[in-house]
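K.L.:
In case you want the letters, here they are:
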Amino acid sequence: MSDSLKYFRENRLPHIWCPGCGHGTVTGALVRAIAKLKLDKNKIVVVSGIGCSSRAPGYLDFDTLHTTHGRALAFATGIKLSRPELKVIVMTGDGDCTAIGGNHFIHAARRNIDITTILMNNNIYGMTSGQYSPMTPKGMLGTTAPYGNTERSFDLAKLSIAAGATYVARATAYHAVLLEELIEKALLNPGFSVVEALSQCPTYYGRKNKLGTPVDMMTWFKDHAVNIKAAAVMSPEKLEGKFLIGEMHNSPEPEFTAEYSALAEGVRRKFDSFQGGLRECAQNSD
Amino acid sequence: MPSVKLMQGNEACTLGALTAGLDFFAGYPITPSTEIAELCAEELPKVGGKFIQMEDEIASMAAIIGASLTGRKAMTATSGPGFSLMQENIGYASLAEVPVVIINVQRVGPSTGMPTSPSQGEVMQARWGTHGDHPVVVLAPGNVKECFDLTVKAFNIAEDYRIPVVVLTDEVIGHMREKVVLPDFETVKVTRRKAPASPGGYKPYEADPDGGVPLMASFGQGYRYHVTGLFHDETGFPSNRGDVADVLIRRLMKKVENAEPLIRDYATESIEDCEILVVAFGSSAMSSLSAVRQARAKGIKVGLFRPKTIWPFPEEPLRELSSQVKRVIVPEMNLGQLVLEIERVIGCRAPVERLSKVNGELFKPEEILFVIMGGEK
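One line per chain: the protein sequences are A and B, in this order.
Just so we're aligned, residue 1 is where the first sequence starts under my numbering, counting upward by one.
Just so we're aligned, residue 287 is where the second sequence starts under my numbering, counting upward by one.
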């Protein structure tokens, strides 16, 4: 724990999350993974959008950027392309990432830019008090789905893989040890990585849907999650009503900023070429 | 060595940006600004800079803000529909005080409008496009050479005051080719944001409440600071306190208010003895200049006032000038936007006549001359 604490801005705690919320567990897993990898805290930038999940960076002792709703990955893309030497992490939520930020998400994945995205999926817009999101399961209640959600929900893992992410995994706030391991592997993947962390929202999602206490909600995660390795030998009947956790996809491919730098190396030349007007960029070394 | 080139406004903007030290461009294809993105794609990798074509203009603004936070000089270019999408993150750059430059080559709107025709319909959007009181500076080149000059100036203002700066051109200025005498690039004045000396005790938003500009650290340099679009105190962390919000928003606005006399830029023609004054910017000013010269040849005492900084508006010189004239004529390729500011500045000193054109065509000098001569609009 002491190892992890040094990555927190202790003077910013306690956090704003509700009692029983899973987001602290997910943030803890990220920090432990960073501590285990002994990453240089001066070379990490954590970017977020808007929502409960997006308050996490404020508590972390890195360069942190709390942006506009859904845009974290677009800001992060500018940072990573500018300074490929930085480790860029995006902390986002199901609404932030897959609704308003859906376009940025699929394009970051398509580029395979080296950004690690931690998506805290609580199946609801928590900050605005309980509206349904693109990851609210069909039939579940939200304040804007008072008779049950009639929309189908995204399977983030499938979406990520289809869009081009090279590392994709899923765990829950109950499976904290697994979550930490998966985040560690995601941080090591030189490309676009997605870790979906199911996180209980007892205040809005839980209460609206009568899912019980935070412990009940975590027990539900425990009882309904099946590791993808175990699922491989299970019948479709046995998998009915379950969801998969573990490493869904790990298939490294050439990374975007590295590819751009390699291309630039080939065309670089001194100023004076474009109609006499170019200066060498002042701070470029990469 | 100064050099003479034939180039279009979009090229001159790009060249100005590169001269100012452009490191990073993110953009999305849109007529009539696309040449700027194309040139940046070609030139930036040659000098160690970065180009990226984003998925939309929202993302383009976001990416240049991210790049600027790492110490880069960053820019995007767009036109009306894209400029609308950028407003969200222009507000972010204003509040978080991130220097960025936006070239907006105006075409006829609203909506998709007339993509290949010029307009000046974004005077108000450029100033008030994003929600809330916010600082922004808008520069309006009146010819191709000024596209170069004012883009350099845009970067300097963005860096000096940590604000987004818009270079507002239009389809005609952007695509028109002119002979341009370019300066010796090494002599062009280029500034860079002031950075703190060391991370110890760094407060990212500590500044004189009277319009002070905080020192800006770059991400990745060991400062480990927080940037947010929420109202924040001098530590950069969010605050819901009314007094903190009040101090912040007033300081942000005061930055530009204080800067106005320093960044003020305008041109005049034949104003010494003028009794009629034409006030115009951008490509409308080109037609106006021709009309003023033709009228002078007929012995009419008419002059031209052409603001190059339109936000903040150079009010003092115009107010002074308006005291000596009997009429003020404001030709604009919109239904009356900058004229509202001109009327405010001039007050009752002289009657202001609006001359509007929204058919996607430039003013013909004769149309302005006709009004100068006393014809009905």
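Bear in mind the hints are in silico, worked out from the structure with no lab data behind them.
There may be inaccurate statements among the hints.
[To be verified] Covered by chain A, according to a simulated footprint, are these stretches of chain B (three or more residues, beta-carbon under 8 Å):
(1) 304 to 315
(2) 335 to 343
(3) 355 to 364
(4) 373 to 380
(5) 414 to 428
(6) 653 to 660
[Said to hold, decoys possible] Label pairs and their calculated CB-CB ranges:
(7) B/ASP496 - A/PRO14: 31 to 37 Å
(8) A/PHE8 - B/THR477: 34 to 40 Å
(9) A/PRO146 - B/GLY418: 30 to 36 Å
(10) B/LEU626 - A/ASN11: 45 to 51 Å
(11) A/GLY102 - B/GLU328: 20 to 26 Å
(12) A/ARG110 - B/GLY418: 29 to 35 Å
(13) B/GLU324 - A/THR143: 18 to 24 Å
(14) B/GLU328 - A/PRO190: 26 to 32 Å
(15) A/GLU265 - B/VAL476: 21 to 27 Å
(16) A/GLU265 - B/GLU324: 54 to 60 Å
(17) B/MET410 - A/THR144: 30 to 36 Å
Don't be surprised by glycine CBs; every beta carbon is placed ideally from N, CA and C.
K.L.:
Determine for every hint whether it applies to the structure shown.
P.N.:
Consistency of the hints with the structure:
With a threshold of 8 Å between beta carbons, the proposed coverage of the segment 304 to 315 of chain B by chain A holds, since 7 of its residues qualify and at least three are required. For the segment 335 to 343 of chain B, the proposed coverage by chain A is satisfied: 6 residues have a C-beta within less than 8 Å of a C-beta in that chain, meeting the threshold of three. Only when three residues or more bring their CB closer than 8 Å to a CB of chain A does the claim for the segment 355 to 364 of chain B stand; here the count is 6, and the claim holds. Coverage of the segment 373 to 380 of chain B by chain A holds [criterion: at least 3 residues with CB-CB distance below 8 Å; count 3].
Counting residues of the segment 414 to 428 of chain B whose C-beta lies closer than 8 Å to any C-beta of chain A gives 0; at least three are required, and the coverage claim is violated. Given as covered by chain A, the segment 653 to 660 of chain B fails the check, having 0 residues with a CB less than 8 Å from a CB of that chain where 3 are the minimum. B/ASP496 and A/PRO14 have their C-beta atoms about 35 Å apart, which keeps the hinted 31 to 37 Å range intact. Range check, A/PHE8 to B/THR477: Cβ separation about 37 Å, and the 34 to 40 Å hint holds.
Here the CB-CB span from A/PRO146 to B/GLY418 is close to 32 Å, well matched to the stated 30 to 36 Å. About 48 Å separates the C-beta atoms of B/LEU626 and A/ASN11, a value consistent with the hinted range of 45 to 51 Å. Range check, A/GLY102 to B/GLU328: Cβ separation about 31 Å, and the 20 to 26 Å hint is violated. A hinted range of 29 to 35 Å holds for the C-beta pair A/ARG110 and B/GLY418, which are about 34 Å apart.
At roughly 47 Å, the beta carbons of B/GLU324 and A/THR143 sit outside the given window of 18 to 24 Å. Remark: the range hint 26 to 32 Å for B/GLU328 to A/PRO190 is upheld by a beta-carbon distance near 28 Å. The hinted window of 21 to 27 Å between A/GLU265 and B/VAL476 holds, with their beta carbons roughly 26 Å apart. The beta-carbon spacing between A/GLU265 and B/GLU324, approximately 21 Å, falls outside the hinted interval of 54 to 60 Å.
Range check, B/MET410 to A/THR144: Cβ separation about 34 Å, and the 30 to 36 Å hint holds.
Violated hints, in rising order: 5, 6, 11, 13, 16; the structure is consistent with all others.
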